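> For reference, the chains in residue letters:
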Amino acid sequence: MARFIIKRLLIALLIVFLVSIFAFSLMHILPGDPARISLGMDASQEDVDALREKMNLDKPLVQQYYLWIAGMARGDFGDSIVYNRPVKDIILEKLPKTLSIGVPSLIISVTLGIVFGVICAIKRGKFIDQVLTFFSTVGIGTPQFWIGILGIYLFGMRLRILPIQGYVAPSDNFGDYIRHAIMPVFCMSLSMIASVARQTRSNMLDVINQDYIRTARANGISERSVIYKHSLRNTLIPIITIVAMQVRNVIGGSLIIENVFNIAGIGALLNVAVTNRDYLIVQTCTLIISLVTVICNLIVDILYGVVNPQIRINGGN
Amino acid sequence: MAEILLDVKNLRTSFFTHAGEVKAVNDVSFHVNKGEIVAVVGESGCGKSVTQMSVMQLVQSPPGKIVGGEIWFENKDLLKLEKKDMRKVRGSEIAMIFQEPMTSLNPVYTIGNQITEVIRTHQKCSRKEAWDLGIKALETVGIPEPAVRMKSYPFEMSGGMRQRVLIAVAVACHSKLIIADEPTTALDVTTQAQVMELLLNIVKEQGKSMIVVTHNLGLVTRYADRIYVMYAGRVVESGTTKEIMMNPQHPYTKGLMLSVPRLDGPKDEDLIPIEGAPPSLLNFPDKCGFAPRCPFRNEKCDCSCYPPLKDVGMEDHKVACYLFDGGRDE
Amino acid sequence: MAKRKDNTLFKQSVRVFFSRGILVKISLAIIVLFLFVSVFAPILTPYTETEQHLKDKLQAPSSKYLLGTDYIGRDLLTRLLYGARVSLMCSVLSSLIAASVGIILGMIAGYYGKIFGSIIMRITDAQLSMPPLVLCMVLASVFGGGIIGVSIVIGITIMPGYIRMIYGQVLGLRENDFIVASRLVGQKGYKILFKHLLPNCFPTIIVMFTMNLGTAIMLEASLSFLGIGITAPTPAWGSMVSEGYNYLIRRPNLALFPGICVLLVVVAFNIVGDAVRDAIDPRLRGKL
Chain Y
1011 MARFIIKRLL IALLIVFLVS IFAFSLMHIL PGDPARISLG MDASQEDVDA LREKMNLDKP
1071 LVQQYYLWIA GMARGDFGDS IVYNRPVKDI ILEKLPKTLS IGVPSLIISV TLGIVFGVIC
1131 AIKRGKFIDQ VLTFFSTVGI GTPQFWIGIL GIYLFGMRLR ILPIQGYVAP SDNFGDYIRH
1191 AIMPVFCMSL SMIASVARQT RSNMLDVINQ DYIRTARANG ISERSVIYKH SLRNTLIPII
1251 TIVAMQVRNV IGGSLIIENV FNIAGIGALL NVAVTNRDYL IVQTCTLIIS LVTVICNLIV
1311 DILYGVVNPQ IRINGGN
Chain L
20 MAEILLDVKN LRTSFFTHAG EVKAVNDVSF HVNKGEIVAV VGESGCGKSV TQMSVMQLVQ
80 SPPGKIVGGE IWFENKDLLK LEKKDMRKVR GSEIAMIFQE PMTSLNPVYT IGNQITEVIR
140 THQKCSRKEA WDLGIKALET VGIPEPAVRM KSYPFEMSGG MRQRVLIAVA VACHSKLIIA
200 DEPTTALDVT TQAQVMELLL NIVKEQGKSM IVVTHNLGLV TRYADRIYVM YAGRVVESGT
260 TKEIMMNPQH PYTKGLMLSV PRLDGPKDED LIPIEGAPPS LLNFPDKCGF APRCPFRNEK
320 CDCSCYPPLK DVGMEDHKVA CYLFDGGRDE
Chain R
-11 MAKRKDNTLF KQSVRVFFSR GILVKISLAI IVLFLFVSVF APILTPYTET EQHLKDKLQA
49 PSSKYLLGTD YIGRDLLTRL LYGARVSLMC SVLSSLIAAS VGIILGMIAG YYGKIFGSII
109 MRITDAQLSM PPLVLCMVLA SVFGGGIIGV SIVIGITIMP GYIRMIYGQV LGLRENDFIV
169 ASRLVGQKGY KILFKHLLPN CFPTIIVMFT MNLGTAIMLE ASLSFLGIGI TAPTPAWGSM
229 VSEGYNYLIR RPNLALFPGI CVLLVVVAFN IVGDAVRDAI DPRLRGKL
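Protein chains in written order, with our numbering: chain Y, 1011 to 1327; chain L, 20 to 349; chain R, -11 to 276.
FYI, nobody ran anything at the bench for these hints, they're computed from the structure. Every value quoted in this text rests on a predicted model; they were computed, and no experiment measured them.
Quick partial rundown of chain R residues pointing at chain Y, CB under 10 Å, derived from the structure:
#, residue
1, Met118
2, Val130
3, Ala243
Cβ coordinates follow ideal geometry from the N, Cα and C atoms, glycine included.
Make a model of the complete structure from these sequences and hints.
Here's what the structure looks like:
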């Protein structure tokens, strides 16, 4: 088991390394001089050159990369050329907002998705299965930006029961936070619930057709135990991977949701940073996002080992 | 007069698909007496497995459905039972063992967990008591170090051992009837013999009855008291093992006997296969299913109704064939 | 012998595909409809997509402007039709790019063994560790906003699916006897890949391609909505929603209708994709 974890850890590190190189090189391919963007068109050439030197932009690329990584190890993430503030501060400021929408979405999506998927599998072919399956197909194809705007129009403008935009932190006023968060969370969750439900349904149907379920039934085991004890555990093992994938979708979704609902989170930050060539923010955010996904996948792999006795005992073949 | 344990009358099970109705079990009747071993033989696809699944009411529905007949077990028509009463029958009164031991145990739970669950489903006892019963059951089937094995996972065991575990589960609840559906087909020859010996010992010692479903005639001629031969969803011949072996009446049965290699036959004698292939049961017409392959067929065989089962005369030997002239109608 | 088998597999697939019910037929009809309007857009409307009628801006639907006008007097329906053209072209182009490059990379990774394979797969893993939209966004800043640029960006983003799938298939097929036999006879590597291995992957490729068409449209619409995709004044459904957002209370049509188009087309492609997958190989259910 230990060997299994170490192997996965090394691969994870490799992936993060590759992503960092990608993020770094991309931003340096782009045209435009970051120093000049920071100081503006009217600044003198000497000022720009001085800033370039301070930002290490005159050094060879490999060295710049090394300095960037070394800086991050020390906790220095550099300064944003657009906001002229440390990147670390900006990110830490925006992160909670994204999380307060993203984490509830993730939890709700996974829970409801699994529940719906199991229901559909148990009641396969019946009315509820057909309805839920149809809705999940539609849900996956619904653009998040559109459903958000539709929601704002219906509930915000016409019915006036929910606020149109904006964000309130849960620590400030929990009631207001909920009111502002309902629509963003719903929009983000919609396609994720659909996706998890489909996958769960499909897995569960596969499991129910397995020989060991036939054995359990032939031995007189109650249908309840067949479903909840024998089928569910085998179904959920692969679902763990799906959950990790949803983390990716939460991050990607936040780009759009924060734009529609005017929430000043990481998604909005990244949006602005790309447009404005704020290269350090883009690099750092990309790296962090990738790191989060990789860590999630690592946790998933380890969980697999815990839940699946074959891996645990055999060492992960 | 032997006491009847299981009496299946005119069972019909069909699968309703997009392409039409597949009459997998088409008016099948058979019975098992107390303490008897009955063999059901036939090729793949003749309906022998579906018949047993119908007895256990484990047929996948949709698309399958038991459309007619009666299944009498100890004065109860199983087809008229409530679902929960039928569930009580499964595993404790009638136990079934399947063909693929490698995939018949849940991979994420220990053997002990799975055995004790079955035991506690059918009898009131504590976990500890069930665990001990489980160890005893594993002992009965000849698994070494049973106490250790209870804590193992299925993937840690070989195919033969897994089949023994499955038999142990069937035994642990003291069922009166064991249905073994091709119990040794997926095992290598040495293990086959061991598992078969084990099953027979258990059946004889504990006075159980057994139905063995197989396509391997050689297996059953040694062990079975009576044989039913099935073809294309119907019973075409039935009788005691001795009668069927010595005096097969149906051309298909004759073909089966001829295609089994015999140790006492001449060494260079050819094996005679049965020409052709079994028919598709989709939208099957009402006539003798074997006729297209039968080397003895005549005009009478092409008529549009099933040949009735007729008494051959000796010891309850019956055959369904237009070529058989003598005897009374069933 | 192989030809006849292909024939019946195809016929059988078609039969299963159409027996799936009315939903599949409706979806196919929707796709055909959008294809039709995207090709014949110039004939179908009297306006061009950039024509401005500043006196008639923000009009409600009327006999003159069937769905109304936008904030600078452009006919909404016209822009929707031309937007269909953009979306469909983008999705087909990006799917083709993803498929062609992805399949080749997957084959190389699977066939030429350990070092190449590892490198390509690790890079694919790295790419998959980023949410598709983030990757698209970052790449879009490099490749620019035309249809070709956006197609390349989306193509790169959906490539990993092909790479992984072909890699897996080649890895599995590589040890089959007929491949080993070819090698023993002296057949060259690339010939084995294209003549023997690739045809065996066709069914899965077809399924993946159909499903990617929907994904690509969704990505393009999202990018355009964020302003990083297709740039003005070329009409794109995503950017139309974004522009219309400003006038939501006065003219909700402007934001809502383009979104409905995206919804219809993506769902239609998904339903058709599922049906194709079930028709060709139901065992793929759950994996694709």
